[in-house]
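Number of protein chains: 2
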Amino acid sequence: MSKTKGRLTLPSQANFLKETKELIERWGADAIRDSDGTKLDEATKQLDAKIYTTYFVARNHNEFAEKHMEECQQIYVMSKFHLATSSELEIPFMDGYFTDQVQPDYVHDEKLYWEVIDRTTGKVVSVENWVLDKERNIVTVHGAEAFHEYTVSFLVYAIWDPTQMYNHITNNWGNVPHDIPFDVRQPASNEYMQTYLKNWLKENPDTDVVRFTTFFYHFTLIFNQLGKEKFVDWFGYGASVSVAALEAFAKEKGYRLRAEDIVDEGYYNSTFRTPSKAYLDYIDFIQKFVATEAKKLVDLAHDAGKEAMMFLGDNWIGTEPYGKYFKEIGLDAVVGSVGGGATLRMISDIPHVKYTEGRFLPYFFPDVFREGNDPTIEANKNWLSARRAIMRNPVDRIGYGGYLSLAYQFPKFVDYIEQVTDEFREIYDVVKHTKPYVGLKVAILNAWGKLRTWQSHMVAHELPYKQIYSYLGIMEALSGASVDVQFISFEDILTTDILKDVDVIINAGDAGTAFSGGDVWKNPELLTKIREFVYNGGGFVGVGEPTAVHHQGRYFQLADVLGVEREMGYSLSTDKYFTKELDTHFITEDIKDVRKIDFGEGMKNVYGLTENTEVLEFSNPKVSQEVEGIVMPANAEGKEFGEIHLAANPYGKGRGVYLAGLPYSPENTRLLLRALYYAAAKEQEFKKWYSSNLSVEVHAYPEKGLYAIVNNTNEAQETEVYDGHGNHETVIMNPSEIRWEHM
Amino acid sequence: MSKTKGRLTLPSQANFLKETKELIERWGADAIRDSDGTKLDEATKQLDAKIYTTYFVARNHNEFAEKHMEECQQIYVMSKFHLATSSELEIPFMDGYFTDQVQPDYVHDEKLYWEVIDRTTGKVVSVENWVLDKERNIVTVHGAEAFHEYTVSFLVYAIWDPTQMYNHITNNWGNVPHDIPFDVRQPASNEYMQTYLKNWLKENPDTDVVRFTTFFYHFTLIFNQLGKEKFVDWFGYGASVSVAALEAFAKEKGYRLRAEDIVDEGYYNSTFRTPSKAYLDYIDFIQKFVATEAKKLVDLAHDAGKEAMMFLGDNWIGTEPYGKYFKEIGLDAVVGSVGGGATLRMISDIPHVKYTEGRFLPYFFPDVFREGNDPTIEANKNWLSARRAIMRNPVDRIGYGGYLSLAYQFPKFVDYIEQVTDEFREIYDVVKHTKPYVGLKVAILNAWGKLRTWQSHMVAHELPYKQIYSYLGIMEALSGASVDVQFISFEDILTTDILKDVDVIINAGDAGTAFSGGDVWKNPELLTKIREFVYNGGGFVGVGEPTAVHHQGRYFQLADVLGVEREMGYSLSTDKYFTKELDTHFITEDIKDVRKIDFGEGMKNVYGLTENTEVLEFSNPKVSQEVEGIVMPANAEGKEFGEIHLAANPYGKGRGVYLAGLPYSPENTRLLLRALYYAAAKEQEFKKWYSSNLSVEVHAYPEKGLYAIVNNTNEAQETEVYDGHGNHETVIMNPSEIRWEHM
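Protein chains in written order, with the numbering used here: chain A, 12 to 754; chain B, 12 to 754.
Treat the hints as calculated values from the structure; they're not laboratory data. Be aware that one or more of the hints could be misleading.
It does not matter which identical chain is meant; a pair holds if it fits inside one copy or across any two.
Claimed, not checked - Each computed BS3-like pair below joins lysine-lysine, with the alpha-carbon atoms no more than 30 Å apart:
hint	residue 1	residue 2
1	K78	K307
2	K511	K452
3	K587	K241
4	K533	K615
5	K306	K288
6	K603	K693
7	K307	K365
8	K615	K591
9	K134	K533
10	K241	K591
11	K78	K423
12	K145	K392
13	K664	K91
14	K134	K288
15	K511	K443
16	K241	K50
Take these sequences, add in the hints, and give me the full structure.
If you want it as structure tokens, here you go:
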């Protein structure tokens, strides 16, 4: 590999010039950034590289904020449930909240903005029947129903920026002042954000790129009375709410929001909730406002001859890059953190910017860069998982963050990154601006569709949860596969002909969530359109509890397409005969022992619907889990005690496929791809630009006349590589090698 | 043990007089019965024993039935789901049915009694829009919506009794005629059933007990086109439906039933369905009719100087012994098959009869009584499990069935039964007609209440299913425990003060089923009454998905009482901190390793609701199930990936307890009892008439001044036995010994 330069952003810091120069050279950097806790010195700013400077819009300006506490940001929160045991109930509504972070809003009329709800009936308590004691932070309900539970939904002022709060508490920053977030919807704040930036732009002539971290509203992150995380939703619009916003909403949309529209029974419109119309209106309203205001700042940066880059995180609420107002912000670039293939694609697929940048792991912090630890291991894992996705659509730049001086102390790491950065540029030069070979067009169907492209099933950015890893594997697998992936909504199917350009639909998730769909599956039009699509040759792959809602004798509303149904207790009286696993099948061709497939959390009690169901895995996980001393029922091995985890089903010219779950692994990536090709009835297309060894993938770029063979592992691999006509030859790959070949 | 006599029914057969006499002597029998396939000869009938004679009312009379095919029984059935792909859809509605068993009813007006339903919308297709082709057994829908699914609900004639059909097919009876079931609601059949019985009573002077097997309508048992079981519901009223019944219902109840009221989306009102008002009206209607008609036959038997006994099974529909019309039948006795403690109690607790009889296992058939097999093993297992329940409330008699000649060939078995029968009589003499010591009053709460006493979660009589064994264990455990058990309905709580006499409520089942309760948990009055009950000192034990229905921010509606909630995906953003297992707790005091508790199928994603929740078991079953090559998420051992399977929670003066599941075992019996005592805040009462070794139980009979120490195992056991004041002493018990002691 020859030495190349560019497309790399390096963090630097004061008094580290010589080493910075050395690393610019070795890694081929063409940009330098500051980080949280580091500043660039003058000498560094004069190096031959673009300078990125971190910029906070709505926090880190306490000199302003402290004088304008009335323009502090707000949040709607809900008290705990409180049980009435008589007709009088006192609710200490702040119980469980962190008063360093939030304070009750005693400025605005509580009778207008707060709600007391009888959660046993769901009825709002009339405002005459409760009083607020501002001294004691107590709402007293009069005429309560004994043994009903009540909640108070109330507005608070958010007096501490959550990201700074997290860093402050985690790192014991002690007396460091708390960043107060202010609301640019308010006059003084709006004026300030512009004036300050104008001056700042003047005062920072060496800055080439203003790295907004980010704009106005933080994702919802609330701490509890112990100063620990209480609620975190990376998609949460909670901190964008305020009296001003509520009033503006009413004016713009023609109706008033209730507290409950935001508080949502305490679920706060988590991205897992099928969104209500009010909530969709609200996020539209916020996105539009944020785009308008952010554009003002971007324009100022442009006027000063600088680029505007947005960090995808922290105060990113309202900027959703796949949303309809994002384009209007006019950003030059977006930078985000890359955890693997799916998050890489989440960044690299962003439209309407000149370039995207991925911040790779590990962050140069002492937790990883400590004596005795090898940071190369995490870097290698991060790179190999992201590289798959880069082969499909690369970010335009990569970068690192933290203390460069720390990284510099690990020569092996420095060597490795030198290799990675060169490899990135090599790939980029071939892959960007050409369309890679695509075998299938896949649509992931959920309530959010395009808006949350590559963001399906995410709770907190990149954190795993028991309830999601069996679905996240689908995104990760697809992020580096030779298929086109788009995210579509139920609404898209209902109102457009979007399925015309789709080979296979995937619907994956737990029943009732926005990702499975919930009640939308009672809509005959939706069912009809999908059935027709599959009947005419399309594919439908369901994972977990696809199309699930109990209605008219079915729990999986597309059980007829999937060939499987889930036993929910009502049909135990019906015999289930379709339990015999097929000996061989296209989908399981690469699997030695179906009993070893990892379905993650799996799904219980799924059974074959008809004799046409192709049963590919049928077992009783409880039996394999048996431990000494636990007695299973006599016929635990028999049919009543097993369940299907993998099946396929013919449906007209198309097919349905069911998977109980799909955590990410190379094995499961292969399994999913086979399922997709089978569902689309395109098995004959499968072995094109294909590697028999599933640790190796092949990516072809027909316009360039090139294809790449990529070893995703750190071991040497032998594989049969298939070209676009099905011809194949044996190839031996070095550890993690990319080999470029002419077609 | 001294030799005793009585309370035992022996099967006999022709030409087996000498051996019958010997076994009468040795086993102390005082009654002899025929069985399916055996008849008693004259000499046997003259022995010094009551004679039971099996009697079929509504089948086994083909000489009548064949001449009155218009009075044949009927059933409402539903076709498979059929997909319309154009506006015209042909539905071969008999597809999947066994024409030897059922034939379409082409006598009555299909437009009046059949329904074609669009299952995609739930709408009934107008009768003008479909036609029936009786030649081809096809319903054609005109103007169908393409890609909607349709079903036909239709009436059939049932031309083969299901029990005989099962025996016929299983035993290859070839040319043996098919028993045709006739409907005593019809005039000729009703006349015939009485006339025939009158004659039969005259012709069978030696019969002392008419053993009705049973009355009129078989539980729902439908076979498929291959002559195999398609649908079985031991509680199903399917075969009681007919045009005549529907018309009589309309007259009596003042409204017409629709086909859908019976077909119920294809679930056929399984006992797991929360019953609709129409279905409750219907079973009331059938029970009333059956009681009235059965009484006629019982009266005839009485008039002839004979006793009337009913077999609890086969054609028992409408006779439910805990129902409100059962008393009116005037039966002398009920006999049923005993599989274990719960079924023993189901029989022995039956009110309004002079005596009950349990038919014990094994049945004397060649499957068990074959060379090389030891039938004593099954007999011993059956006896030990039933004996626990007998110690609480014995049946009045026990008996066996099948070929006595077979059993006679197994001397060890004959010896063992001699011992069992003596032991039964010994227990009976102490235990019957006295109230055993009771430590707690337990109420099992579901939609059926008293009507289905000891019949909770049953599908087919005594068959295990994956979805029920984790709940059936509760009944089995309680059947032999020193607690009072009653079965109560939601309606009971809403309309009576039944909780006044209850210490602990148990609600156990999967969400949405009649046993958990489904939508009833949205009823504020129900929640209020139970919360008040617990708050004032009562206990509430939830198993599986108790009180589950999504409503107002809660999935478990009594999450506040239970201290746990189930994560259904909406609240992933909320941190779950309450995961630390308590080191010691009253409930788990007898458990060495909580990780070894068998929760059966268990329940996923249950978490602690507040800091008050007493977490007793928290784990991630998936991790313990890990097999080589399957990679778990990095923090799989961390809190996000675990779940609670056992917890308790203080609530006012009372407590809630949560259990993920409770299959039957001695260990789980102890666990459940501790949970019940703890919930009722009666821990201090626990060690009264108590054995420290959980293989041994103590039953006390204060009125008799006696208590029994019972070794439930076939091994010797050492234990501390506690009296009613908490004094204890060490006792060594012989294998399966009962030891009687004076107080």
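Next item on the list: Please work out whether the CA atoms of K615 and K591 approach to 30 Å or closer within one copy, between two copies, in both situations, or in neither?
Entry: both (17 Å within a copy, 27 Å between copies)
Next item on the list: Go through the copies and call it for K511 and K443: within, between, both or neither, with a Cα cutoff of 30 Å.
Entry: Only inside one copy: K511 and K443 sit 27 Å apart there, 76 Å across copies, limit 30 Å.
Check: How do K307 and K365 come out at 30 Å by Cα distance, when the copy is not named: within, between, both, or neither?
Finding: For K307 and K365, only the intra-copy Cα distance (18 Å) is at most 30 Å; the inter-copy one is 91 Å.
Margin query: Within, between, both or neither: how does the pair K306, K288 come out at a Cα-Cα threshold of 30 Å?
Written below: within (27 Å within a copy, 61 Å between copies)
Note to self: Checking an output row: K78 and K423, CA cutoff 30 Å. Within, between, both or neither?
What the structure shows: neither (50 Å within a copy, 96 Å between copies)
Next item on the list: State whether the alpha carbon distance between K511 and K452 is at most 30 Å within one copy, between copies, both, or neither.
Entry: This pair counts as within: shortest intra-copy Cα distance 10 Å, inter-copy 64 Å.
Next item on the list: Pop the pair K241 and K591 into one bin, within, between, both or neither, using alpha-carbon distances up to 30 Å.
Entry: Only across copies: K241 and K591 sit 17 Å apart there, 47 Å inside one copy, limit 30 Å.
Margin query: With identical chains, the pair K145 and K392 could be close in the same copy or across copies; at 30 Å between alpha carbons, which is it: within, between, both, or neither?
Written below: neither (53 Å within a copy, 68 Å between copies)
Note to self: Treating 30 Å as the Cα threshold, decide for K587 and K241: within, between, both or neither.
What the structure shows: between (44 Å within a copy, 8 Å between copies)
Check: Taking 30 Å as the upper bound on the Cα-Cα distance, should K134 and K533 be classified as within, between, both, or neither?
Finding: Both ways: K134 and K533 sit 26 Å apart in one copy and 12 Å across, limit 30 Å.
Check: Within a copy, between copies, both or neither: where do K603 and K693 come within 30 Å Cα-Cα?
Finding: within (23 Å within a copy, 56 Å between copies)
Check: When no copy is specified for K664 and K91, does a C-alpha distance of 30 Å or less occur within a copy, between copies, both, or neither?
Finding: between (53 Å within a copy, 21 Å between copies)
Checked against the numbered hints above, the structure breaks hints 11, 12, 16 and satisfies the rest.
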